[in-house]
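Colleague: Spelled out from the first residue to the last, the chains are:
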Amino acid sequence: MGLTSLNFFLFLAASLVVYFQLSEKYQWRWLLAVSCFFYVYCSRTLSVFIAITCVATYVLSILIEKSELRYKDELKRIKTGELDLDKKAAKAQNLRRKRACIWAAALINVGMLVVLKFWDLIFTDINTRFFGGAENFVPLLHIGLPLGISFYTFQAVGYLVDVYRKQVAAEHNFFKAALFITFFPQIVQGPISRFGQLSPELYSGHKFDFKNLTDGFYLMLWGMFKKMVIADRAGIMVDYVFYDYQNFSGWQFWVAAFAYAFQMYGDFSGGIDIVRGGAKMFGIEMVDNFERPYFSKDIPEFWRRWHMTLGTWFRDYLFYPMSLSSTAQKVSKSLRKKGHLHLAKMLPAHVSCIVLWLANGAWHGAGTQYIVFGLYHGVLTVLSEEYHGKLVQLGDKLHINQKCASFSFFQMARTFFLVAVGRVIYITPNFGASLTILKSMFTAKNVGIFFNEGLYKLGLDRPDFYVLVFACLVLLVVEIFQERMKIREWLYEQNLYFRWGLAFGLIFTVLIFGVYGHGYDAAGFIYMQY
Amino acid sequence: MREEIMEILTELRPDVEFENEKKLIDDGILDSFDIVSLVGELNDAFDVSINVQDLLPENFNCVDAMVELIENLQEEE
Chain A
1 MGLTSLNFFL
11 FLAASLVVYF
21 QLSEKYQWRW
31 LLAVSCFFYV
41 YCSRTLSVFI
51 AITCVATYVL
61 SILIEKSELR
71 YKDELKRIKT
81 GELDLDKKAA
91 KAQNLRRKRA
101 CIWAAALINV
111 GMLVVLKFWD
121 LIFTDINTRF
131 FGGAENFVPL
141 LHIGLPLGIS
151 FYTFQAVGYL
161 VDVYRKQVAA
171 EHNFFKAALF
181 ITFFPQIVQG
191 PISRFGQLSP
201 ELYSGHKFDF
211 KNLTDGFYLM
221 LWGMFKKMVI
231 ADRAGIMVDY
241 VFYDYQNFSG
251 WQFWVAAFAY
261 AFQMYGDFSG
271 GIDIVRGGAK
281 MFGIEMVDNF
291 ERPYFSKDIP
301 EFWRRWHMTL
311 GTWFRDYLFY
321 PMSLSSTAQK
331 VSKSLRKKGH
341 LHLAKMLPAH
351 VSCIVLWLAN
361 GAWHGAGTQY
371 IVFGLYHGVL
381 TVLSEEYHGK
391 LVQLGDKLHI
401 NQKCASFSFF
411 QMARTFFLVA
421 VGRVIYITPN
431 FGASLTILKS
441 MFTAKNVGIF
451 FNEGLYKLGL
461 DRPDFYVLVF
471 ACLVLLVVEI
481 FQERMKIREW
491 LYEQNLYFRW
501 GLAFGLIFTV
511 LIFGVYGHGY
521 DAAGFIYMQY
Chain B
1 MREEIMEILT
11 ELRPDVEFEN
21 EKKLIDDGIL
31 DSFDIVSLVG
41 ELNDAFDVSI
51 NVQDLLPENF
61 NCVDAMVELI
71 ENLQEEE
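Listed in order, the protein sequences are those of chains A and B. To convert, note that position 442 of the first sequence is 442 in this note's numbering; the numbers rise steadily by one, no gaps. To convert, note that position 4 of the second sequence is 4 in this note's numbering; the numbers rise steadily by one, no gaps.
One chain only, chain B, in its complex shape (with noise of 0.2 Å):
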């Protein structure tokens, strides 16, 4: 899971080294436009639905958190 979440962030931000960074979101780095394409390829990707109280900046600012994310919505799905 981890290596396709950091595929999709890749591609979706080629400028990024998503592996170092741990404040995507309180940083700034991804701005509300990447979230949104995001999470349409999350819920895709893994079949679960992202709502939108689940933006909340420690769900999106490392990769492991999006990988606990979506553990977490799988669980409860």
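Chain A on its own, in the form it takes in the complex (with noise of 0.2 Å):
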């Protein structure tokens, strides 16, 4: 059941319906109910792995919460001497009874993650090279990839995280703990959300609001343009020159490389808000995961607008505790105390960041090309935090106005373009391929493309691709505004005529313009098997 499909719709439909019949107390069971229903209509068999999460969640957030609340107890203890033990030894325990918890968490959710998504993949590649046959020495597993499992396992993660920093207290209602890790429309492809801020939406009860209603539903239209008039017709002509790479060259492969950027930002930004459409009409709020990031001016800022919930939850869950560790804290000290005070303040967080990059380019899947991609992203986020301010200053001297429209626009411009470049890295099967793809785009010659129908001959034709540009620059001058206004509270202040004409204006737009042809699977997001 895609979320751009005509099931989805009857079924949020339906949802919805029973939803605003049931009173508050009960509306929460019902999101459980058809959550489970979703997921067990989209998954099948593979639902038992959601299920083992949200049991081994449930049980350790509990357990973490048992060990604190003992700790509290001891030191009461302590104080008025009915219990003999040091303080500090207390405390001791109490951290690696948590501790342990979270290091069983992270063996049974991540563990089913990291095998699910990596033993076919790895042991394919391993028994091919070395043994003849890709199922000739390592049994494979052949068991499919459960769905939303890297969204809902860093979601069940992040929480158990949360109740160990005693930053949200654990969810003592086990229906209640799965509904936050099955919430049917984030399953598909996020956001991740934090315990803190989505549980209080779906555990209380909403009235029927009719301004959600259209407030989502203007959100989930703009979501559909998104994902089906620009990201499934641009998918077209990357898929065309990609997959067939050897019959491309030079300037082609720019062109297919920027409908990719595309192509992914209408695919994901557009999934998420038909997510976040849906769960508004609800009257539930999930956070954005995009900040219009084709403007940001520099690499950091693009992936704080990017994904923001898997970047904050790579932040707050692996960055901050791995630079502040006391190894990462004593190396720091030993640096400050041999005199190597830049290197000490840095070193930290540089580290930190190469790691968090590998992880990320693990977390889009397993090959020498994700990691050449999350090493290619780290480094520049490294390079642009070292040098950011020295740039600056090298601009001051040579008197150039950093402050200027201009300036401002090569930035985003010259941001787009790492961005679009790192994308080839991970396009192509094997690593090989994308080397051959950037070495033939960097030494690009047939800029005839350009002049001699060349551009319509790269899986779009020229209303299709012109469609594709059009739409493009729609998108673009839609997100100038929303870097100025809100758009949908604008909408609001408009007369209904105009309103619902530009309403239906989009709903043709997307009828007409939609990719629905050969080859267009409703279900193929490109965030949904992540």
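None of these hints come from the bench; they were simulated from the model. Hints are supplied without guarantee of correctness; some may be wrong.
To be verified - Derived pair list, reagent style DSSO-like, types lysine-lysine, alpha-carbon separation capped at 30 Å: (1) A:87 / A:333; (2) B:22 / A:486; (3) A:66 / B:22.
What the hints assert, rightly or not - Just a sample of chain A residues kept apart from chain B, beta carbon distances all over 12 Å, derived: (4) 6; (5) 59; (6) 107; (7) 162; (8) 300; (9) 316; (10) 322; (11) 362; (12) 371; (13) 384; (14) 400; (15) 455; (16) 498.
Ideal Cβ positions, reconstructed from N, Cα and C, are used throughout, including at glycine.
Build the complex: two chains, separate frames, hints provided.
Modeller: Right, dumping it as structure tokens:
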């Protein structure tokens, strides 16, 4: 049941109708029931994995909380002399117990993710390379990937760490905890929500509000425009060029790489808009995952605005714990003592950043190209953090006006270029192919494709190519407005005819210009199987 | 303590007017790299141990919040 399929909209409509018939006390129970139905309908027997995650997460969160309560009780008893134990020892024991729970969560939840995602990929490669056949040595699992496993695993682990850090209290009702993990609009492709933000939205009841319904509807419609008119159309060109890359060269790859940048954005952010719009209809606010990332002026900013919930997840649960670990602090201190002040200050953050990006690369898939993709962005981020100030100083010395619009445009174009090149690293089936394509891109000579109809021989004919370019321009204009104002709020200030005219215009645009032709798969969101 | 924190902050980010800023984290003025450097410096300067769970926006949004955090940590230790 893809997010743009008729089945999904019928399912959403039916869920909404019943939801608002129920008293607020029973609404969350209904959400859980429809979420379970949705998951089992989509994943069938693979649903067992999310069930394991729900049970493990619930049990471990309760154990973490119990350990904390026990520690508090021990402190009280130490104070009254009832317990002969050192305060520090009690604290250490509590930490040990809690850490054991976190390790168990990592082993169970992340273990399932890693095994299901990477086992067959890695061992097919090893078996083929060293044993002459895909299944010749290590047996493959052939289980497939449960829907949204990366998203719900990250969300569950984040929740447990938040309980560990005492930032949220453990949920004592198993079914409520299960709803947080399985909530059906977000299970497909995120966002990766935090318990503190999403749980009150899920558990408290909501009265029917027509504004929420129209707000959600506009959001979903805009998401469908991005997904079906832009992403799916750009995807035709991307597949055509990169899957048969031997038949193309130079500028053809550049055009396809830029199309891929729009495909990725339209696909992922469009999907998130549909998810948030669907949730909004229930009255449930979900965090946004994109903040017009192609307006970013450097790579770190891009990653603060692209897939924001994954970025903050990696920051809070990997980057900070690593860079502030006792080992990192010891190394930093030792460097400071030796007089390497700058290195002492930056090394923990830089090393953690590279590790974070390797993990991010692995999250995108197994294979050398994903590791190189991670390293590419890790190194760019570190270089940007390290040399940003020096570049600004250099610009001042050269009397370059760094505050004018043209300079901002240059910075945005530079970031877009670096991101587009980075994506070429992993779009191909192997890193060797990526290198061939990149070499061809940077030695491009066939500039003639811009003048001799060559643009219309990249999988899209002339009308389709124009629709893609025009739709991308519409996206650009809307996003420029979004930088300055809240468009949906502005829409509500306009008269009814204008609003509905715009909505119907968008509906017809999606119906007429959405891609439904040969090879179209309504379930085929790129991030769906991450 | 306040002056010392101001000194550390100014050395870290000379481009920011820390006296007037009240949303250093919420407005993205300090990024994660700045936070890691800042925590290292504060730990050293005040002999405290700022943990990951202390990295909440409300503890780093302004200089006064940082003073309060360090005072609380010193009391705890």
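Colleague: Determine for every hint whether it applies to the structure shown.
Modeller: Now the hints, each set against the structure:
1. A:87 / A:333: 27 Å, holds
2. B:22 / A:486: 24 Å, holds
3. A:66 / B:22: Between residue 66 of chain A and residue 22 of chain B the Cα gap is close to 37 Å, so the pair fails against 30 Å, i.e. violated.
4. 6: 41 Å, holds
5. 59: With a cut-off of 12 Å, residue 59 of chain A remains clear of chain B, as the shortest Cβ separation is near 22 Å.
6. 107: 21 Å, holds
7. 162: Answer for residue 162 of chain A: violated, closest chain B Cβ roughly 9 Å.
8. 300: Answer for residue 300 of chain A: violated, closest chain B Cβ roughly 7 Å.
9. 316: 8 Å, violated
10. 322: 9 Å, violated
11. 362: The assertion about residue 362 of chain A holds, with a minimum of 20 Å to chain B.
12. 371: 22 Å, holds
13. 384: 10 Å, violated
14. 400: 17 Å, holds
15. 455: 39 Å, holds
16. 498: 34 Å, holds
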